[in-house]
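Chains L and A supply the protein sequences, listed in that same order. Read in order, the letters of the first sequence correspond to residues 1 to 714 in this note's numbering. Read in order, the letters of the second sequence correspond to residues 1 to 120 in this note's numbering.
A couple of the hints might just be wrong.
[Claimed, not checked] Quick list of in silico lysine to any residue cross-link-like pairs, SDA-like style, CA-CA up to 25 Å:
no.	chain 1	residue 1	chain 2	residue 2
1	L	LYS197	A	GLN95
2	L	LYS197	A	LYS104
3	L	LYS497	L	PRO454
4	A	LYS104	L	SER235
5	L	LYS197	A	LYS41
6	A	LYS67	A	ILE91
7	A	LYS42	A	LEU119
8	A	LYS117	L	VAL206
9	A	LYS120	L	LEU259
10	A	LYS41	A	GLU68
11	L	LYS193	A	GLN107
Calculated directly from the structure, the hints in this document are not laboratory data.
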Amino acid sequence: MSQTDNKNMGVDLKEFLDFYLLDSHEQIERLGAGLLQLEKEGGNIGLINDLFRSAHSLKGASGTMGFTPIVAMTHAAEDLLDRLRQGKMDVSLEIIDILLAVTDSVKGMLTQVEQRLEITLGYEDLVSSMKEIIKREKNPVTQANQQSVREIETEEAWEDDFQLRDFSLDESESAKLNNARIMGYGAYQVDVKLAPKTLMKAVRAVMATQRLEGMGSVIKCVPSIEDLEIGNVESFSLLVLCDQPIATMSRELLEITELVAVDIHPYLSGIGVAEETTMSTTRVVETPVSTQKAVIEPKKLGADAAVLPEGIPNGEGNVPVHTIRVDTARMDNLINLVGEMVITRTRLVQIGSDLKAQYQTDDMVTNLNEANLYLGRLMNDLQESVMRLRMVAIGTVFGRFPRLVRDLAKKTGKMIELVLKGEDTELDKTVVEVIGDPLMHLIRNSVDHGIESPEERLASGKSEHGTITLDAYHDGNHIAILIADDGAGLDLDKIRKIAVAKGLIGESEALPESEIANLIFLPGFSTADKVTDISGRGVGMDVVKKALSNLGGIVDITTRLGKGTTFTIRLPLTLAIIQALLVEVGDEVYAVPLTSVFETLLVNRADIKTVGGLPMVRLRGNTLPLISLLQKFDLPSPNTPSSEVFVVVVGFGDEVLGLIVDELRGQQEVVIKSLGNLLNNLPGIAGATILGDGKVTLILDIGSLLQDVLVTRK
Amino acid sequence: MSPTIMIVDDAAFMRMMLKDILTKNGFTVVGEAENGVAALKKYMGLQPDLTIMDITMPEMDGLQALKEIRKRDPKARIIMCSAMGQQSMVIEAIQSGAKDFVVKPFQAERVCEAVAKALK
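Okay, chain L solo, but in the shape it has when bound:
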């Protein structure tokens, strides 16, 4: 890479590229999520400090790697955040937007770096915009007029002339301050101005302290309560620890009569303002007559200050999770090996039972079978552990949706709240990697077509805010993911009409409601009157369904006109090793994933009826649609068809199907092996496996079989 080759004097930066990318992606994600939180909360010092540190780290790492554009942007962002955390600027919508734009831009640049390309994305505009904002802040009058996310009620008379007070903290007070910082509390200097000729100023100070103690802790008051009463000053400063936003503190204090102005700034003594503090505290050492204690301490404070800056741990209350990063290739290799072990074990079991058949009472045979049994239990445990290695919390996918919804809501002028549940639900990593896009599409769909505009919602008696709920949970042997909105619901009549108009169904075809909704998954279907760029081009839904069925899952819709729509996605839990029911169809053996099997039946051929061209049988009062695997896979029929057949009832949730097979062979553990790129998309086939006897067996894709039968086609 030309950008990095010449830098850093012979150290090969390429080695560190992967590490840099991993780290930077994390920082950017944190920055993005933190900005969204900041938008909601306003002036939270702990949060702003974290954002500052993220920008700072990014800048440093990118500088080392020589990625100048990223450095330029993160440097300007860092400046902006620095001013925010010092209280010299207020958090505003404009600042949040521009910082979010920066995270987007850096993400794009990181992608270019990842692909070993030059960074070509422009950044000068963003940088100069940020510099503009900083320049503007220098003029305090304009600042008062800026639209703030949280407005601080400060009287104009109070000059924006912030001076760091010398609180002359003694040892216990300093310790309290440092401990609080480490725990993520903000330390603030609260300057209070009293009305002229206020009597009993000390009592006002007591009242102020009282209010602040209600939301934090007051370390000190300067001048002291006694001095306040004797002297002529009409203001005092409090050193306060608080985890509430500045605006809340101000509001509380200004409710006290005779308090005319409140100015609150983060108290950063010990972080970068060390010089000032040490100087002013040495002055205090000189005054012998002082009611303040332990004057020797300040020197210590100064010395500590030099150590503190980098030493301050991340105060956001992170619980250290003990994890290590593992190369996914290594993990896949491990899983492969375990898979092979499972197959080999099955062979051993086969051999063991063959031996038993031949040498019933031989001790060695018995020993072998016992060992096999034990091995089986070990294999189960090993398998489970290995499968869990691949499990990733779905929260990692959910993470990008708040931002998506925020931006889409802004774009469409709708007010939408996104509720995330079940973020801890774990999925196989391959599923997690692929599920993001379909979910994103469904969410976009909800925003665009589901949730109505605030006016429409109010008109129909709903709240202005629409809610989209994303939920993930384990349901039996599957994972269910729900995307629910409380919007307009699907117009089933409209859908039906369009399907007829597009020739997707016959005009007189009677469909139950649940299936009309599913029509939107057919290719070429779209009810959007005009094509918006969000969704509605008619290529979306069928792609979603396809992507999901590739994962062996299905999607279902429930909707009520005027109330909302819910998409329910069901996915099998694991993809690599499964329990399967082996069945014989003609001369072939197939494996049916046991998790999708509800039951097996022995059915008389005579009981199989044909309705609308499709075979079915009555099962406990309901109609069970059937599919003949012999026909489906175009296998030669046996010479003498038996009078009875086995039907394996399979399905997900409410959708069921019966597979007509000739024989049931039994249950077995099976390792799914992909068929490779050439054969990947065979309808009805999910993969292949090798049985104990060495034979290759195809594994059925229940999802796609269901789709064939249950989505009506002409």
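Got chain L sorted already, so can you dock chain A onto it with the hints?
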């Protein structure tokens, strides 16, 4: 209905002055008392929205009365009236739940400001 206020002070002149200020500013004075004991009794009967209470009074001083009233009605809104030099008593009153205080001699604006804020 304008907010109801009870005035407690042992000096009749003070009570008159306060009544004047309050009535002219839209508040309704529903009762007066000249010491803590009377205040306590009248409070339970009148249930005023706000009480203005002088600190130095015979029989039972304002601080004591404050505590007694708030024991019976924790939501009681009470503003203390103090003369200079009684700072520590005022502090104790604040810490015992008084909403605010005014210092004699009064300034009408300060009194009204305190009353308005306490009634919020």
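Okay, the hints, checked on the actual structure:
Distance restraint check for LYS197(L) and GLN95(A): the Cα-Cα separation of roughly 23 Å lies within the 25 Å cut-off, and the hinted pair is therefore satisfied. Between the alpha carbons of LYS197(L) and LYS104(A) the distance comes to roughly 13 Å, so the proposed pair stays at or under 25 Å and holds. Our distance criterion of 25 Å between C-alpha atoms is broken by LYS497(L) and PRO454(L), whose separation comes to about 28 Å. Pair hint LYS104(A) plus SER235(L) holds up; C-alpha atoms about 22 Å apart against a cutoff of 25 Å.
About 36 Å separates the Cα atoms of LYS197(L) and LYS41(A), which puts this hinted pair outside 25 Å; it is violated. Simply put, LYS67(A) and ILE91(A) have alpha-carbon atoms about 13 Å apart, close enough for the 25 Å limit, and the pair holds. At most 25 Å may separate the alpha-carbon atoms for a hinted pair to count; LYS42(A) and LEU119(A) meet this at roughly 20 Å. Between the alpha carbons of LYS117(A) and VAL206(L) the distance comes to roughly 18 Å, so the proposed pair stays at or under 25 Å and holds.
Restraint check for LYS120(A) and LEU259(L): the C-alpha separation of about 17 Å stays at or below 25 Å, so the hint holds. Note on LYS41(A) and GLU68(A): the hinted pairing holds, with a Cα-Cα distance of about 11 Å set against a maximum of 25 Å. At most 25 Å may separate the alpha-carbon atoms for a hinted pair to count; LYS193(L) and GLN107(A) meet this at roughly 20 Å.
Violated hints for the displayed structure, listed by number in ascending order: 3 and 5.
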